[in-house]
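**Q** Just so you know, the sequences run in chain order A and B. Here the numbering used here is used: the first residue of the first sequence is -9, the next is one more, and so on. Here the numbering used here is used: the first residue of the second sequence is 44, the next is one more, and so on.
Honestly, the hints are just simulated from the structure, not real lab data. Every value quoted in this text rests on a predicted model; they were computed, and no experiment measured them. A portion of the hints provided could be inaccurate.
Claimed, not checked - Pairwise CB distance ranges, derived in the manner of DEER restraints:
hint, chain 1, residue 1, chain 2, residue 2, range
1, A, D143, B, N142, 40 to 50 angstroms
2, A, V87, B, V132, 25 to 35 angstroms
3, B, E121, A, S229, 52 to 62 angstroms
4, A, E319, B, E58, 38 to 48 angstroms
5, B, A48, A, K311, 44 to 54 angstroms
6, A, R102, B, V132, 15 to 25 angstroms
7, A, V8, B, V144, 35 to 45 angstroms
8, B, N142, A, V8, 22 to 32 angstroms
9, B, H70, A, K157, 20 to 30 angstroms
What the hints assert, rightly or not - The calculated DSSO-like cross-link candidates involving lysine-lysine, where the alpha carbons are at most 30 angstroms apart (straight line), are:
hint, chain 1, residue 1, chain 2, residue 2
10, A, K231, A, K37
11, B, K117, A, K161
12, A, K150, B, K55
13, A, K256, A, K73
14, B, K136, A, K311
15, B, K55, A, K307
16, A, K150, B, K145
17, A, K37, B, K145
18, B, K77, A, K73
19, B, K136, A, K297
20, B, K100, A, K307
21, A, K37, B, K136
22, A, K73, A, K157
23, A, K231, A, K161
24, B, K145, A, K256
25, A, K163, A, K147
26, B, K55, A, K28
27, B, K117, A, K311
28, A, K310, B, K100
29, A, K297, B, K117
30, A, K28, B, K145
31, B, K136, B, K100
32, A, K311, B, K55
33, A, K310, B, K55
34, B, K55, B, K77
35, B, K117, A, K207
36, A, K297, B, K145
37, B, K77, A, K9
38, A, K73, B, K136
Where is the CB? At the ideal position from N, CA and C, for every residue including glycine.
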Amino acid sequence: MASTKRQQPLLYMEEYRVKQDPQDYGLADDVFTIDSFKENLQISIVKNDEEGLEFDLIGVYPAIANAFRRLMLSDVPSMAIEKVYIYNNTSIIQDEVLAHRMGLLPLRADPRLFAYRTEESTEAGTEQDTLEYELKVKCTRRRDAGKDQSNFDDIYKNHKVYSGHLKWLPKGKQAQIYSESAVNCIHDDILIAQLRPGHELDLRLVAVKGLGRDHAKFSPVATATYRLLPQITLNREVSGKDAYLLQSCFSPGVIGIDENETAYVKDARYDTCSRNVYRYPQLNEAVTLARVRDHYIFSIESVGALKPDVIFLEAVKVLKKKCRAFIDEIESE
Amino acid sequence: MGALAELAGDEKNGEGSRTFVFTNEGHTLGNALKTIIARYPEVDFCGYTIPHPTEQKLHFRIQSHRDRAIDILKRGLEDLEGLCDHTIVTFEKEMSNFNAVKVENT
Chain A
-9 MASTKRQQPL
1 LYMEEYRVKQ
11 DPQDYGLADD
21 VFTIDSFKEN
31 LQISIVKNDE
41 EGLEFDLIGV
51 YPAIANAFRR
61 LMLSDVPSMA
71 IEKVYIYNNT
81 SIIQDEVLAH
91 RMGLLPLRAD
101 PRLFAYRTEE
111 STEAGTEQDT
121 LEYELKVKCT
131 RRRDAGKDQS
141 NFDDIYKNHK
151 VYSGHLKWLP
161 KGKQAQIYSE
171 SAVNCIHDDI
181 LIAQLRPGHE
191 LDLRLVAVKG
201 LGRDHAKFSP
211 VATATYRLLP
221 QITLNREVSG
231 KDAYLLQSCF
241 SPGVIGIDEN
251 ETAYVKDARY
261 DTCSRNVYRY
271 PQLNEAVTLA
281 RVRDHYIFSI
291 ESVGALKPDV
301 IFLEAVKVLK
311 KKCRAFIDEI
321 ESE
Chain B
44 MGALAELAGD
54 EKNGEGSRTF
64 VFTNEGHTLG
74 NALKTIIARY
84 PEVDFCGYTI
94 PHPTEQKLHF
104 RIQSHRDRAI
114 DILKRGLEDL
124 EGLCDHTIVT
134 FEKEMSNFNA
144 VKVENT
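Using the sequences provided together with the hints, build the complete structure.
**A** In structure tokens:
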């Protein structure tokens, strides 16, 4: 990235204020053309593992970056349990609380393979828009348990209801299209309820496709956030005891100390921008803290049904579809 | 029923000034579209508001001295669509590069 040196618009974080460059008009005077956007946009993937996706989106307006974030949170669909038919619930957890808990269980089913339910849809739904599960658990006393045993695991059977107890009931031809592991709950160790001998749960659960703006359970991401790239510059040499003090003012790994006990900026990227340096008069003027105003570090953590990179692409496609729908409407008039 | 309507009251002001009403849209589309359209040289004013938080309605105002407001709106939507296309292409390219490098290193 160092090879393509851009003019970086900076936001300076001073002790008592946030300041822009004097010649920086905050992108407001730019003329938008699609070609200039294509010229400025850069994306670089930084990390993509089980913990999530981190990538840099460089050279876009704040509203565009924010639109992508909002879309990922509330406009990318996912499947979640929407209706809970309770045939029997003799546990101490109330029906409505139990139903709410079931709704929040993350399902592995790929929402792209399903359709939304429409107003004409019947209560039962079809194989294209509905997944059904059942949860049948009854707690009993273990016959073989001795009188001296007090551990619940030893004396009760099924006294803890986990998401793994959920059983998928294929509708129509669903059994030929999907495998059980492709539609079941992502985690099978989520504790749903605790039972005692004689307590029983008998539920039928109906999952549908929905949007995060309707209910957070439909949101495909655990978190989707962005922040601006921090930039730290040292204005003078800081060495000796002050170097270690300076190091302690920033997040671990941000400030390095070389063999001459002189501080240098190792990696400003993961700084939390706490501005702790300004507490020390001897370091006050030694550093300039800034953030690059059009360099967004996105981090996306998926709930598990879709990969984070797929979620981002889906979000952009949703925005594109919205635009297309309105263009078509204008053209048809 | 369409999701796009026009607010009455601008008939006397020529074709350049209009307030459009988007149903079932919010800040996501409104602000993104506003930042693009406000940066067209021929646009004098562009802004949006959500008049009431419980009503799923977005009022989008465009004023121009030159072009028809509806044409500007259409161009804005087309530009935003093009922006999405380019973002998708760039992201997919970077993602496949990243995965290729990852495979090489393992």
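**Q** Against this structure, judge whether each hint is valid.
**A** Checked hints:
{"no.": "1", "hint": "D143(A) <-> N142(B): 40 to 50 angstroms", "verdict": "holds, 44 angstroms"}
{"no.": "2", "hint": "V87(A) <-> V132(B): 25 to 35 angstroms", "verdict": "violated, 47 angstroms"}
{"no.": "3", "hint": "E121(B) <-> S229(A): 52 to 62 angstroms", "verdict": "holds, 57 angstroms"}
{"no.": "4", "hint": "E319(A) <-> E58(B): 38 to 48 angstroms", "verdict": "violated, 18 angstroms"}
{"no.": "5", "hint": "A48(B) <-> K311(A): 44 to 54 angstroms", "verdict": "violated, 20 angstroms"}
{"no.": "6", "hint": "R102(A) <-> V132(B): 15 to 25 angstroms", "verdict": "holds, 20 angstroms"}
{"no.": "7", "hint": "V8(A) <-> V144(B): 35 to 45 angstroms", "verdict": "holds, 37 angstroms"}
{"no.": "8", "hint": "N142(B) <-> V8(A): 22 to 32 angstroms", "verdict": "violated, 38 angstroms"}
{"no.": "9", "hint": "H70(B) <-> K157(A): 20 to 30 angstroms", "verdict": "violated, 41 angstroms"}
{"no.": "10", "hint": "K231(A) <-> K37(A)", "verdict": "violated, 35 angstroms"}
{"no.": "11", "hint": "K117(B) <-> K161(A)", "verdict": "violated, 44 angstroms"}
{"no.": "12", "hint": "K150(A) <-> K55(B)", "verdict": "violated, 71 angstroms"}
{"no.": "13", "hint": "K256(A) <-> K73(A)", "verdict": "violated, 53 angstroms"}
{"no.": "14", "hint": "K136(B) <-> K311(A)", "verdict": "holds, 21 angstroms"}
{"no.": "15", "hint": "K55(B) <-> K307(A)", "verdict": "violated, 38 angstroms"}
{"no.": "16", "hint": "K150(A) <-> K145(B)", "verdict": "violated, 42 angstroms"}
{"no.": "17", "hint": "K37(A) <-> K145(B)", "verdict": "holds, 10 angstroms"}
{"no.": "18", "hint": "K77(B) <-> K73(A)", "verdict": "violated, 39 angstroms"}
{"no.": "19", "hint": "K136(B) <-> K297(A)", "verdict": "holds, 16 angstroms"}
{"no.": "20", "hint": "K100(B) <-> K307(A)", "verdict": "holds, 22 angstroms"}
{"no.": "21", "hint": "K37(A) <-> K136(B)", "verdict": "holds, 15 angstroms"}
{"no.": "22", "hint": "K73(A) <-> K157(A)", "verdict": "holds, 15 angstroms"}
{"no.": "23", "hint": "K231(A) <-> K161(A)", "verdict": "violated, 70 angstroms"}
{"no.": "24", "hint": "K145(B) <-> K256(A)", "verdict": "holds, 24 angstroms"}
{"no.": "25", "hint": "K163(A) <-> K147(A)", "verdict": "violated, 34 angstroms"}
{"no.": "26", "hint": "K55(B) <-> K28(A)", "verdict": "violated, 39 angstroms"}
{"no.": "27", "hint": "K117(B) <-> K311(A)", "verdict": "holds, 14 angstroms"}
{"no.": "28", "hint": "K310(A) <-> K100(B)", "verdict": "holds, 19 angstroms"}
{"no.": "29", "hint": "K297(A) <-> K117(B)", "verdict": "violated, 33 angstroms"}
{"no.": "30", "hint": "K28(A) <-> K145(B)", "verdict": "holds, 27 angstroms"}
{"no.": "31", "hint": "K136(B) <-> K100(B)", "verdict": "violated, 36 angstroms"}
{"no.": "32", "hint": "K311(A) <-> K55(B)", "verdict": "violated, 34 angstroms"}
{"no.": "33", "hint": "K310(A) <-> K55(B)", "verdict": "violated, 34 angstroms"}
{"no.": "34", "hint": "K55(B) <-> K77(B)", "verdict": "holds, 24 angstroms"}
{"no.": "35", "hint": "K117(B) <-> K207(A)", "verdict": "violated, 35 angstroms"}
{"no.": "36", "hint": "K297(A) <-> K145(B)", "verdict": "holds, 17 angstroms"}
{"no.": "37", "hint": "K77(B) <-> K9(A)", "verdict": "holds, 25 angstroms"}
{"no.": "38", "hint": "K73(A) <-> K136(B)", "verdict": "violated, 40 angstroms"}
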